[in-house]
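These protein sequences, in sequence, are chains W and S. Sequential numbering of the first sequence, starting at 454, is according to the working numbering. Sequential numbering of the second sequence, starting at 69, is according to the working numbering.
Please keep in mind that the hints were generated in silico from the structure rather than gathered at the bench. All figures in this text were calculated on a predicted structure; none of them were measured in a lab. A couple of the hints might just be wrong.
[Claimed, not checked] Taking lysine-lysine and the DSS-like style, the derived pairs with C-alpha atoms no more than 25 Å apart in a straight line are:
| # | chain 1 | residue 1 | chain 2 | residue 2 |
| --- | --- | --- | --- | --- |
| 1 | W | Lys524 | S | Lys147 |
| 2 | S | Lys137 | W | Lys462 |
| 3 | S | Lys137 | S | Lys110 |
[To be verified] Over the 12 Å line for every Cβ pair with chain W, so calculated as not near, a few chain S residues:
| # | residue |
| --- | --- |
| 4 | Thr73 |
| 5 | Pro76 |
| 6 | Glu83 |
| 7 | Gly84 |
| 8 | Ser88 |
| 9 | Thr135 |
| 10 | Leu161 |
Note that beta-carbon positions come from the ideal geometry of N, C-alpha and C, so glycine has one too.
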Amino acid sequence: NAGVTQTPKFQVLKTGQSMTLQCAQDMNHNSMYWYRQDPGMGLRLIYYSASEGTTDKGEVPNGYNVSRLNKREFSLRLESAAPSQTSVYFCASSEQLGQPQHFGDGTRLSIL
Amino acid sequence: EDQVTQSPEALRLQEGESSSLNCSYTVSGLRGLFWYRQDPGKGPEFLFTLYSAGEEKEKERLKATLTKKESFLHITAPKPEDSATYLCAAYGLTGGGNKLTFGTGTQLKVEL
Chain W
454 NAGVTQTPKF
464 QVLKTGQSMT
474 LQCAQDMNHN
484 SMYWYRQDPG
494 MGLRLIYYSA
504 SEGTTDKGEV
514 PNGYNVSRLN
524 KREFSLRLES
534 AAPSQTSVYF
544 CASSEQLGQP
554 QHFGDGTRLS
564 IL
Chain S
69 EDQVTQSPEA
79 LRLQEGESSS
89 LNCSYTVSGL
99 RGLFWYRQDP
109 GKGPEFLFTL
119 YSAGEEKEKE
129 RLKATLTKKE
139 SFLHITAPKP
149 EDSATYLCAA
159 YGLTGGGNKL
169 TFGTGTQLKV
179 EL
């Protein structure tokens, strides 16, 4: 039972490069989320998708874009990476908004 | 603005030494209070949801309680395998709703 799967697990980028973080869930959940986790700060919501076909901004959306590809998959794109985006990125899913969220094991992203 | 504050930041216990972790929240229209456990290099793992003051939930050595301003995670006779960072998060209606605000966590170390 995989739950929420994130790829890649680690990535190093140069400033200005672009990349897409992938997330897939196999729990048939309607809602999906992208967070970043930085030392000394709580998890902060970047974007979320309440259901297939919808996406909304969270607390820290600048510099990111998302795509809800289908019910299972929700990707996060950095168009022009900046050092301030060095972080650990977590994808999560839940049955509906407000229900307990289940997290993947994260992507550790370093931008030089 | 919604806020969630956890204390202490770090806690060291001897095996069998019971204690409590605190989560204070200021959230408009609380819809749920969540507790998670996070192991190093892993994503948060869901433990409990509490919805109303006076509610309690238990799982093995852990018991979560909720008042109108705080939640406590009581750990009874902890074992070394309980060592982890414990996160709480409050789900409220501020700013149109659909926002889960996380605390920065309590890092628990249980020693033999």
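Taking the hints in turn, this is what the structure says about them:
1. W:Lys524 / S:Lys147: violated (39 Å)
2. S:Lys137 / W:Lys462: violated (37 Å)
3. S:Lys137 / S:Lys110: Distance ~29 Å between Lys137 of chain S and Lys110 of chain S Cα, so the pair is violated.
4. Thr73: Per Cβ check, Thr73 of chain S is inside 12 Å of chain W; nearest 10 Å; violated.
5. Pro76: With a cut-off of 12 Å, Pro76 of chain S remains clear of chain W, as the shortest Cβ separation is near 15 Å.
6. Glu83: holds (28 Å)
7. Gly84: holds (30 Å)
8. Ser88: holds (20 Å)
9. Thr135: Holds: least Cβ distance 20 Å, greater than 12 Å.
10. Leu161: violated (10 Å)
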